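Engineer: Keeping their order, the protein sequence lines are chains R and H. Each residue of the first sequence is one higher than the last, beginning at 1 in our numbering. Each residue of the second sequence is one higher than the last, beginning at 1 in our numbering.
The hints are simulated quantities; they were obtained by calculation from the structure and are not laboratory data. Note that the structure is predicted; figures quoted are calculated from it, not measured. Think of the CB as a built atom: it goes at the ideal place given N, C-alpha and C, for glycine as much as any other residue. Among the clues, some could well be false.
Covered by chain H, according to a simulated footprint, are these stretches of chain R (three or more residues, beta-carbon under 8 Å) [said to hold, decoys possible]:
| id | segment |
| --- | --- |
| 1 | 42-49 |
| 2 | 107-119 |
| 3 | 167-173 |
Not close to chain H: a few residues of chain R, all C-beta gaps over 10 Å, as computed [what the hints assert, rightly or not]:
| id | residue |
| --- | --- |
| 4 | ARG54 |
| 5 | TYR60 |
| 6 | ASN66 |
| 7 | SER130 |
| 8 | ASN132 |
| 9 | LEU158 |
| 10 | ALA178 |
| 11 | LYS183 |
| 12 | ARG220 |
| 13 | ILE230 |
| 14 | LYS236 |
| 15 | ARG250 |
| 16 | PHE262 |
| 17 | LEU271 |
Away from chain H, derived, C-beta distances all over 12 Å, residues of chain R [what the hints assert, rightly or not]:
| id | residue |
| --- | --- |
| 18 | LEU4 |
| 19 | VAL13 |
| 20 | LEU63 |
| 21 | SER76 |
| 22 | ARG78 |
| 23 | VAL86 |
| 24 | LYS134 |
| 25 | TYR150 |
| 26 | LYS154 |
| 27 | ASP202 |
| 28 | GLY213 |
| 29 | GLY221 |
| 30 | ASN223 |
| 31 | ILE238 |
| 32 | GLU265 |
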Amino acid sequence: MRNLFAFFRRFQVFLVFAGLQIFCLSWYFTSLNFPHSQFLSTASVVNGKILETRNSFTKYWNLDGNNKNLQRENISLRNHQPLSFVRLQNQQFKIDDTLYQQQYQYISARVIHSTVNKQNNFFTLDIGKSQNIKPGMGVFTDNGIVGVIYSVSKHYSLVRSLLTENINVDVNIEESGAFGLLKWDGKNPRRGFITGISNDMDVKKWSKVTTRGGSGIFPRGLNVGKIETIETVEGKPIWKIVVLFGEDFRKTQNVYVVRNLFLEEQQKLELKPGQE
Amino acid sequence: MNGIVGNIIQFFLLIAAQVLVFNNIELGFGIMPMVYPLFIMFLPIKINIYILLILSFALGLSIDSFSDTFGIHASAMLIMAYFRPIILKTFEPRDGYEMVESMNTYTMGFKWFVSAFGVLLLIHHTWFFIFEIFNIREIFFILQKTILSTVFSFILCILIQFIFISRRKAR
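The following block holds chain H by itself, in its conformation from the complex:
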């Protein structure tokens, strides 16, 4: 699944997965699994920053409309899209991104993906929970929610990749 058609399919599949399955998982301890940020990693590396912002805004708004959160998912998605070029530059491999079309654990290597996507997901979740709770007295609750949800979402994202992207096609 590469190219524009692949990305469009991924867009709708991730919304469906988030809305129909992961929004309804309630584990307690403030864990909220979010897998839709994975979409940002599947986009082409040299995508125009404006298109990236608009796409992530649209994805966030769709998730918002299905979970009654009034723009907080879109806001978190925007900050993640804004930081994507910066993070990609920071974690750039020695020979650049010339060889790869899209980023996943197979093309970029597991270690690279864990660090780059992990940082982006942490930014997304931190922003999300800070503005969702928005109360300085609940700082430990924000920390608890952020850390537990980030770990859980991250494991789910890695699993989704292993299940849906075959090693042969990715190369």
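Extracted from the complex, chain R is given alone in its bound form:
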């Protein structure tokens, strides 16, 4: 027993150091798979406020480009409005309100803090629990999808961007219809890659990559990017496809959050297959 105490006294400094170190590293390695809380992140009350103040100064830097983006998006929406069409057949038309039911709702938000140069990058948004944001909702812009909500506080939320390890968004390639998982390797913030597409599929360069909408996070058909190069993987019958993201994550400022109104129903159904 006395030896034990002597041991502790001798290595006291190292034990304190090791204890704190174990706390840090276990926090780091568990945080990506199990979100603990928004405490001690940029979505917490104090940090969110500070970064929002900073953003209120820096948001003007990219104002011109952002305005142009929003204007372009407005034009494309305006082109789809009923008012811009002329009815060709005046006799026959009917109103079928029950044919459509709203599945997705969109909430606009502003990015107040973002990084692109780390291994796992996050965005902070200026909306939170009070706007009914929940972890797991999708985030996108007009140019392409951005990420998935990771944790929320009362007025702020933290988004896991596409630039994190194991983000695994299910995407499909238009024209060929092949689908796979979108990943990022931690290096270039403009490029990700798709895995899981077998090499007998016909994939063309510069064809569009869109979301598949299988997991209910994103609606089907949102833009992700374009295929830049197609490489063969040695010893495996799959393509390694490099995707140029449609969204430049260094400039993202205005985003939309998707709320899937049927998500609970889908998850309940998928949890117990074979039952009614």
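The hints should help you fit chain H onto chain R, whose structure is shown.
Structural biologist: Only chain H this time, still in chain R's reference frame:
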């Protein structure tokens, strides 16, 4: 700026500088400038090792909370604080540290500061990037990030000293 009040001010100034300015500098090539380790050098030389560990842990956690890195900055800060007494002993001048209150390029000389702080900063950055990436297949990427970021952070730290510590006050 000496004494406890000076150190407290430095603590908050370095957090603000790191979070509001240097976290947002994106140069590509995996360069991540980190200037907050400078705080460890400004602390008194004969500080208690436990206080040193707790202070660097607190500084690391603050930086973590502002950059969503979940404890990896704190971890790197701890290893740097743990190695500080060892490095100081290794690079001890012939007449000891009797004459100086805090360490910077003016009191200790440029050559001493480059070697001692350079080694500590290299330890900090190496630990940081090893655990951030944590993949043996990316060893060259870790090396690239470590070397480029260390050089860049080091130049920034030296510049910060030249700007904010006047030669007259330091003596």
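Engineer: None of the hints should be skipped; say for each whether it holds.
Structural biologist: We went through each hint and held it up to the structure:
1. For the segment 42-49 of chain R, the stated coverage by chain H is satisfied: 3 residues place a CB nearer than 8 Å to a CB of that chain, which reaches the threshold of 3.
2. Coverage of a stretch by a chain is defined here by at least three residues with a beta carbon nearer than 8 Å to that chain's beta carbons; for the segment 107-119 of chain R and chain H the count is 5, and the condition holds.
3. Counting residues of the segment 167-173 of chain R whose C-beta sits closer than 8 Å to any C-beta of chain H gives 0, which falls short of three, so the coverage hint is violated.
4. Distance to chain H contradicts ARG54(R) as a non-interface residue, since its nearest Cβ pair spans about 6 Å, not more than 10 Å.
5. With a minimum CB-CB distance of about 15 Å to chain H, TYR60(R) clears the 10 Å threshold, and the non-interface call stands.
6. No beta-carbon of chain H comes within 10 Å of the beta-carbon of ASN66(R); the shortest separation is about 17 Å.
7. At roughly 21 Å, the least C-beta separation between SER130(R) and chain H is larger than 10 Å, which holds for a residue marked as non-interface.
8. With a least CB separation of 23 Å from chain H, ASN132(R) remains clear of the 10 Å interface cut-off, as annotated.
9. The claim that LEU158(R) is not at the interface with chain H is violated, since a C-beta of that chain comes within 10 Å of its own (minimum 7 Å).
10. At the 10 Å boundary, the C-beta of ALA178(R) stays outside the reach of chain H, the nearest C-beta of that chain being 27 Å off.
11. With 10 Å as the threshold on Cβ separation, the claim that LYS183(R) sits away from chain H holds: the shortest Cβ distance comes to roughly 13 Å.
12. Every CB of chain H lies more than 10 Å from the CB of ARG220(R), the least distance being 30 Å, so the non-interface label holds.
13. Separation of ILE230(R) from chain H is adequate, the least Cβ-Cβ distance of about 22 Å exceeding the 10 Å criterion.
14. Chain H leaves LYS236(R) outside its interface by the beta-carbon criterion, the shortest separation being 16 Å against a cut-off of 10 Å.
15. Listed as a non-interface residue, ARG250(R) fails to keep its Cβ farther than 10 Å from every Cβ of chain H; the least gap is roughly 6 Å.
16. The Cβ of PHE262(R) sits about 31 Å from the closest Cβ of chain H, beyond the 10 Å cut-off, so the non-interface label holds.
17. With a least beta-carbon separation of about 29 Å from chain H, LEU271(R) lies farther than 10 Å from that chain, consistent with its non-interface assignment.
18. Against chain H, the non-interface label of LEU4(R) holds: every CB pair exceeds 12 Å, the least being about 21 Å.
19. The non-interface label for VAL13(R) is inconsistent with chain H: the shortest C-beta to C-beta separation is roughly 5 Å, within 12 Å.
20. Residue-level check passed: LEU63(R) sits 17 Å from the nearest beta carbon of chain H, beyond 12 Å.
21. No Cβ of chain H comes within 12 Å of the Cβ of SER76(R); the nearest lies about 30 Å off, and the non-interface call holds.
22. No Cβ of chain H approaches the Cβ of ARG78(R) within 12 Å, the least distance being about 35 Å, so the stated non-interface status holds.
23. Every beta carbon of chain H lies more than 12 Å from that of VAL86(R), the smallest distance being close to 49 Å; the non-interface claim holds.
24. Taking the minimum C-beta to C-beta distance to chain H, about 19 Å, the non-interface status of LYS134(R) holds against the 12 Å cut.
25. Distance to chain H contradicts TYR150(R) as a non-interface residue, since its nearest Cβ pair spans about 9 Å, not more than 12 Å.
26. For LYS154(R), the non-interface assignment is confirmed: its Cβ lies about 17 Å from the closest Cβ of chain H, beyond the 12 Å cut-off.
27. For ASP202(R), the non-interface assignment is confirmed: its Cβ lies about 31 Å from the closest Cβ of chain H, beyond the 12 Å cut-off.
28. Distance to chain H confirms GLY213(R) as a non-interface residue, since its nearest Cβ pair spans about 28 Å, more than 12 Å.
29. Every beta carbon of chain H lies more than 12 Å from that of GLY221(R), the smallest distance being close to 30 Å; the non-interface claim holds.
30. The claim that ASN223(R) lies off the interface holds: its Cβ sits roughly 24 Å from the closest Cβ of chain H, which is beyond the 12 Å cut-off.
31. No Cβ of chain H approaches the Cβ of ILE238(R) within 12 Å, the least distance being about 18 Å, so the stated non-interface status holds.
32. Listed as a non-interface residue, GLU265(R) keeps its Cβ farther than 12 Å from every Cβ of chain H; the least gap is roughly 32 Å.
Of the hints listed earlier, those the structure fails to meet are numbers 3, 4, 9, 15, 19, 25, in rising order.
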